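Read off the chains here:
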Amino acid sequence: MFPINKLSPETCSKIAAGEIIERPVNVIKELVENSLDASSSRIRVEVEGGGKTLIRVEDDGLGIPGAQLPLAVQNYSTSKIREIDDIHSVKTLGFRGEALASIKAVSHLTIKSRSAQEDIGREMRWKGSDLTQDGPVAKNPGTEVLARNLFYNLPARKKFLSSDAAELRRITAILQSFALSFPEVGFTLTGNAKEILSYPASSLEERVEVVFGSGVFTNLRFFERLLGAVKIYGYTSLPGLTRGNRSLQFIFVNRRPVKDKLLGHALRQAYQSLIPGDRFPLGTVFLEVPPGALDVNVHPTKAEVRFESEREIHRLVSSTIREVLKGQGNTISFKNKVESVYRAIFPSGAGLKDTDRKEGFYPGDSAPQNGIPGSSTLSESRPGWLFQELPQSLFEFQGGEESAFTPVRLYWQLHQSYIFIQIRGGMVVIDQHAAHERILYDQAGKNLKGGKAIIQPLLFPATLELSVEEYEEYERISAHLPSLGFEVEPFGMRSVIVRGIPAGVKRWDDGLLLQNILAEKGIGHGGMEDLLKTYACHAAIKAGDKLSLEEMESLTDQLFATEFPFTCPHGRPTMLRVELADIERRFMRTVTPESK
Amino acid sequence: MKVLVSLGELNKKFNAISSVVPGKTTMPILSMVLVKADKDGIKFTATDLDISVTSKVNGTTEKEGAIAAPARKVAEIVKSLTGDEVSLEVDGEKLTLKCGKSKFVVNGRNPDDFPRLPQQESKTEFSINSGILGKLIHKTVYAVSNDLTRPALCGVLWEVDRHGLVMVSTDGHRLAKVELKKDMGEVQKMNVIIPPKALSTFKAYAEKDELIRVSLGDNSVSFEMQDVSIYSRLLEGPFPNYQKVIPAGNDKELVISKESLAAATKRVSILSDALTHQVIFSIEADKITLHVTTQDLGEAREEMEASYSAAAMDIGYNASYIQDILKTIDGDDIEMRLDKPDNAGIIMPVEQSGDVKHLCIVMPLRIS
Ligand SMILES: Nc1ncnc2c1ncn2[C@@H]1O[C@H](COP(=O)(O)OP(=O)(O)OP(=O)(O)O)[C@@H](O)[C@H]1O
Ligand SMILES: [Mg+2]
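Sequences listed follow chains H and X, in order. Throughout the first sequence, residue numbering follows our numbering, covering 1 to 596 in sequence. Throughout the second sequence, residue numbering follows our numbering, covering 1001 to 1368 in sequence.
Worth flagging that the hints you see were computed from the coordinates, not collected in a lab. Treat each hint with caution, since some may be false.
Computed list of lysine to aspartate or glutamate pairs in EDC-like fashion (alpha-carbon distance at most 20 Å, straight line) [said to hold, decoys possible]:
id	chain 1	residue 1	chain 2	residue 2
1	H	K542	X	D1147
2	X	K1024	H	E22
3	X	K1002	X	D1040
4	H	K452	X	D1296
5	H	K14	X	D1048
6	H	K261	X	D1147
Bear in mind the structure is a predicted one, so any value in this text is a computation, not a measurement.
The whole structure should be built from the sequences, with the hints applied where relevant.
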């Protein structure tokens, strides 16, 4: 590191800047980053009132030399870079020289610090821009920063903060995230004098176990792969262990916690067809790339990065994780009860929200419902109490003019997963993935029998590098690929070149589609039936895909043109019907004969 | 800050800038518009962190200053006002709007909180007429891919040098290319890939013909118009070698009226397969027949005159690709240059207009 200095105006203008402090957790993030950058081996965080009244972060790191302390709190003053080009090689989490200045602007800030080279520390206090105290202080080497009365001068912003417990939950989560990335550092967090977490310095494996809890840990799998100068490793959950959101996915690039669309997408790809589209795996992914191949100066909060070779990184992440999931089966072990798993993840118990619980952490996990008065009488064990499954006989589509659809069809997509259609006497809910699976399965089946598939040739043929198993799989099924619409040829050692794909396929994903099909175990043995199902499943649109009105309409039409529109090739229903009369009953309206 | 702006101007500019504001965001500050008055005048800025747009506003500045104001609320207020002139006054983090007898005090945010995208050095710059640029964009932007696993194809390639500007886009099934021959002045040769959102934002703002300035950097592009400047990040390359896939030996030439081909394609495709949109083009001497036969749906066919003298053949095309292409070609007639029915075909205007060369490539569908 350099001595702290003020960046030139040209350099400043090239740094992604803007608000960084929105809530207490942002203060904690910045202060902990500073402690980590200062090579600390222990970091203690203390908060009161969810961080609104007091935040204290103390470390045993390098400290700030007394003479430089005043500079540390100025805008764009940093010891981590000197000019903009240094950003390309920056290894520290900070580089803007903005954090302390921003915190000082919105709180009452105190810094006590002593560098190892000095015998005595220096303490400075501010109220906004006024320096209220400055003098020597006896202290061990290291730095202690206190931020009191956050947003004392911004009442409007203060109003937008959540409850103390909710803010504390965010703080806990960010510390868990740093704890995963820096297992060799000890972390403690106390909230209103109660210990919330305490992690001694340890190995990554031990750290992952304490952060996720041993119940989850037994269902995580380690992965690791090196490709050129890029390394990827981490722990990821078996397909049976998922959550309804990404909050237990921790992704790091060069130890920096990131929220990255590309990596999130890659992770999801790895689980394609293994878990439902609206569920997310748990775990942690570490990527190490040469600093020069990365742009960290993207986002004011440093939470996004940009890679030089996005496509390769995407492939590396999804194929590495896919590989470790292979042959793991779908089952998870129930060593601990659900509750204790939660407790391990949210030590304070603060994270246990009803919605989480209701969602079902494990398949088949049913927790008591609450909220809606009288709901206990309405709710069966499954949350879909509103819907009955569709008795086929009630739903006559082939009837020409007497179609069950009213002439004006109203379509609506729910959570980009289900299509709602108004029909006479109620509505139909279609599962878009299951429906599309059925369509593709039928179409591909016809093609296989009649041997006539429509191929969309590619302008840029794609070369796929396959693993040994994938290549063997390819050889087993290659004779059938043309009738599905694939035009593939061997291309040297374990590679194939794809010149054409089935026309109309939306999810080619630059080859991932075929690779995922080949990665499926033993489809070559299961005969054509398995190949068809696998193809339909991988090529179908997923939950989460946004559909336009025309697409919904066309999907519905195509579904009803298939032989068995009511189930997907795996036998699950593609649609449910909800009777108007049933809705009326639930609203306690009298059902008159006419309304039927 | 205190400024006076005519209601019409305010309405127009605030509305336009609000379209850049992201609909859903986890960063509340992004739902704001930066309102700023300084010696350069009055300006509104909005960003979604990928692009940022700054628009100049005509008005009088009585006092300089700035605030970040909630975009949707202010737009709604401005739309509802009646009167001639609106005064905008900032006190701390509050924005006061006065117009006639109405007065609104809106809570805003500190302008320093508003994100500023990193300004990268421009490597090269050139000037170009906005109408011409808009046309070139129109001819390419539709063909970009949306396959996230291949980010380079999700944008339009621009190749600029002293002699002109080339734009290329492709989704792997079709490709669009335009080439503008023009003395570009002191320009350094550069290749960049521009995200479609930046291009469509540019088109939305470029309403009048004017000379605009385009600056290209390693990671960013900016468009400087008289009243508006747009800044966007670039996509990472490399873009595939497109020259390799432009067929050179297509010697079967077919000329046909653009309008009638477009209309016929649209009609016949009503009965095409919903997944593949396949329509068969049966070509013979001076005649082309479009037809489809789809199981369960039925069949359609339409005959048209065309000038063609090479060997007869049947080619299958995705009707929506053909329709997309025809919408972007200038002139009354189009020319198709074909080879074997399985190979890529070229579609282009019969008469290239002026300094612009336009060409589209489409892969036919094939039956296994
Ligand atoms: N805990 C600490 N231990 C040692 N030095 C510190 C500590 N906290 C801050 N500093 C010094 O103060 C400087 C300013 O810190 P600040 O967090 O404001 O900026 P930064 O970390 O350089 O960049 P960023 O704004 O990206 O965080 C740092 O560069 C560092 O030299
Ligand atoms: Mg810092």
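Consistency of the hints with the structure:
The straight-line distance between the Cα atoms of K542(H) and D1147(X) is roughly 14 Å, inside the 20 Å bound, and the hint therefore holds. For the hint linking K1024(X) to E22(H), the alpha-carbon distance of about 17 Å falls within 20 Å, and the restraint holds. Between K1002(X) and D1040(X) the alpha-carbon distance is near 14 Å, which keeps this suggested pair within the 20 Å criterion. For the proposed pair K452(H) and D1296(X), the alpha carbon gap of about 16 Å is at most 20 Å, so the pair holds.
Of the supplied pair hints, the one linking K14(H) and D1048(X) holds, its CA atoms being roughly 18 Å apart against a limit of 20 Å. The hinted pair formed by K261(H) and D1147(X) meets the criterion: a straight-line CA distance of about 13 Å does not exceed 20 Å.
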